[in-house]
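Chemist: Here's the letter readout for the chains.
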Amino acid sequence: MKTMVTNIQRFSLHDGPGIRTTVFLKGCSLHCPWCANPENISFKKESYYDNDNNSNGIYGYEITNEELYDEIIKDKDYYNNDGGVTLSGGEPLMQYNNIKPLLSRLHNENISVFIETSLFVPTDILIDAIDNIDGFIVDCKIIDKKKCNDILGGNISLYLNNLKELFDRVDSNKIMIRIPLIRNFTDDKENVNNILNLLKTYRPYKIEIFSGHSMAEKKYISLGKTILSDVKVNDEYLNEIKKKFIDNNLNVEIIKI
Amino acid sequence: MNNLKKIIFKILGSNGKKKLVLAYRTYRSNAKLSYKIKYILKCIFSCKVIKMKDYQGLQLKKMYEKVNIRIDNNEIFAYSIDFFKILETKNSLSFGNLTVDYDYILDKSIKDLKKEYSKKTEYNTNILYLLDGIELMATRMIEAINASNIKNKKKLEESFKKIINGKIDTSFDAIQKILFYNQLLWQSDLNLIGIGRLDKILINYYKKDLKSKRITSSEMKKYLKSFCRLLHKYFYEKSGTLIGDTGQIIILGGTTKEGKHYNNELTYMIMEVLMELCLPDPKILLRVNDNLPKNLLDLSLKSICHGLGSPLMANDNVIIPKLNSFGWKDDSIDYVTSACWEPFLVGKSSDQNNMLSINYIIPFNEMLNNENLQNLKDISSILNIYKKYLDKYLDEVLLRLDSINFNNNCLLSLFYENCKLEQKDIGEGGAKYNNYGITSVAMSSVVNSIINIDNLSFKKKKYSLIELNEIRKNNFNNDDLLKELKNNKIVYGIDDKNVISITNSIMKQTNDKLKKYHNKYNCSVKFGLSSPSYIIESKATAASLDGRKNGEPFNVHISSSKAGYTELFNFAKNINYNELGFNGNVLDFMVSPSFIKSNYEKFSEFMKLAIHNGFFEMQMNVIDSKTLIEAKKNPNKFPNLIVRVWGFSTYFNELPTEYKDLLIKRAIDNENNGY
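Going line by line, the protein sequences match chains R and G.
The numbering of the first sequence is the working numbering, which starts it at 1 and goes up by one.
The numbering of the second sequence is the working numbering, which starts it at 1 and goes up by one.
Derived by calculation from the structure, the hints in this document are not laboratory data.
For clarity, every value in this text was computed on a predicted model and none was experimentally measured.
We put the beta carbon where it would ideally sit given N, CA and C, even for glycine.
Among the hints, a few may not be true.
[As the list claims (entries may be wrong)] Here are the simulated SDA-like pairs of lysine to any residue, each with C-alpha atoms no more than 25 Å apart in a straight line:
id, chain 1, residue 1, chain 2, residue 2
1, R, K219, G, G674
2, G, K461, R, E62
3, G, K462, R, E62
4, R, K76, G, S501
5, G, K120, G, Y55
6, G, K562, R, A216
7, R, K219, G, K562
8, R, K232, G, N673
9, R, K256, G, S604
10, R, K76, G, L609
11, G, K597, R, N81
[Stated by the list, open to error] Among the chain G residues that face chain R by a calculated CB cut under 10 Å, a handful are:
id, residue
12, E567
13, S594
14, F603
Can you build the whole structure from these sequences, using the hints too?
Modeler: Take a look at the structure:
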């Protein structure tokens, strides 16, 4: 059984606690216009052109669990007590069944497995994954039903239901929420308040908020696509949001990408 | 140009060459033009040569009689070197690139030393002349101090009187004595002189001072600041190949007999002093092990992040066992290093650790040019046939080593108990250990060439090896191929099984060849994977199949522009240094200031784990490409920007353009990797 991935990034410091290896799985159930990993939206291999090196390439390759394990285990000495593997993408849960056998093998080596997920996945997959994942980094983007559908291509009811399942079954100490503040898409006061009200109920152990950015521009160009422009939110507004969350006794941090 | 240089030097003789070298050191500096011209004229017209005599001790005595002494009134201690007095010598090569045992000399006055050499022998007679000279120099220093406006004249006079005939028992005296002998060493035709384990040398004096309330910690800090400023005083004159390469290395930390980490209050203080002074020199090497205290690791990282490029970290977990098995046994625990990073035994070894550089790509390219390339069918056959060429090349290297002769130096010999016991100058093998040390470049070029050949010729069959070599010989007149060679992601520095295996195979070949060699002292030659020569050697080296064009720089020590940090450290951990490959193996990488600032705790944890996992030595530049590019364009805006070069730090503005460009390139590559 093989999994389609685009990259295995070692020494990842922002994808969970400790030093981690992040596996980027290809394919997503959403199509966020500001996606920082546009090469991970499609489930299929894609050609790209690298302008800097004047060369062509392919995003996506298939890898067996054995090969994945061999790569992940290289940094075992650096995972220590809190590091490990983070599955990201794309939406890693969309290939969960492929990767599931690997997870128990990693646990046998005392390597923790975290996942970055949008939660726009079939609920039964999430419930199965819960038993095999040690930590969740969950995106929280747009709460309005129509906007969620039109902009992200997602069903907000599915997300909200999955969020409830997650917090019902998993200790909130193991759930972190990430909120991208994208100008003109997610940063409006109504959306921010909706997210705040949602998270007030669940109280994840940590919330990270960050501004939109254009660091993925080269990737967009390589795919022949155009990156969204003017997505940045200023620091003043980020701090205002942070304060609002803190006033509601939520643990929130602004991260710089 | 090189031939012209050789002719000029031959005409001028070794003394003339020394004058030119001195002039050149200032010429290439960043100083004002008027200063440079004045200095160069002084070198040519005012330099005096102190002629050889029957006894070198007499010659040195003459030197000490003639030198001009200048006392810096703004400092606490007295330190003066007259670089315009040149010692005439038999050979052109003098000892250097080492650290002397200041501890050995600290509790011996000149009078005590004269007693030790009282038995009438030729050797002792020479030393006694030398000691007369040292006493004369100490007396002259007292006169100069009294004629100056320096503060604590009386205290300094007392210190020098104790150097002549007394026991030193304070930090002040110890520091002054170290400085005095250090100045003598530089004055006496020796270069790249290290400082040694300063925290260990001074701690007992400091503790006594504190106990008797003679001193406070802030006063000690002032002493150490003055000490460091004075050592830095002759920055240009002391510099070797590049400005900043002075060899003034302070070794801090270590491992105790019980396996704990050796450190004391002075370990921290010395590091703080250098951070506060913000000088590139002297520089620090910190010996680390699994028990390195977190606050000392934090202080080291703070120092590196300050932009000092030091400390370099030497991992006792890896190094001490290597030194033990080499035969240094109980002595290993006290190791220091030569000017850059090569392990060295102070007071016991005369080892000149950077005598030559192996250039691994030379025999490899020779193989490509001379061998029937159809016989090379896989990695294994390449390595087998390369061994033949490498062995022959190493034979030539060893022959060149045999032809090297160092001048005797009785002052240096004074620091070696074994020289006294054997009645032999250090140049005649009087030290306990007299090994040679060589460095190496282009291991990465060979490894990457082999990987590329395997990929393009053997696996993909896209180019025959003959075709690859032809394109290489034409300096890559084929852009597509060049791109392919450079875009290879499996390279030296990545913890790939093949890469590690190829590297270790060549390490073993080198080790097995060198193991058979004994120098004229019946001692060994050691080698290592780091070298100062990554640009110097590369300039005359033809293109290579790692995608390197004619004359382009080699990889810097153990590094890779494509490896993430854990990949690089894992790679370094898996290198088998064998018995002889411990002459410096520095993992060298870049970190952007923003990365380390945003990820400090995890980075610090990573360093701790890396020490445990086992790199040999490690150094890093915390710098971003934007600053370097701006500094290259507008040097006046960045007068104090310090960078790490090979085993030393220096001002970025003092570097030749090709070194600046290489640092910029490496910083950009690093930032592209997300660090």
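Chemist: Hint numbers the structure violates, sorted upward?
Modeler: Failing hints: none at all.
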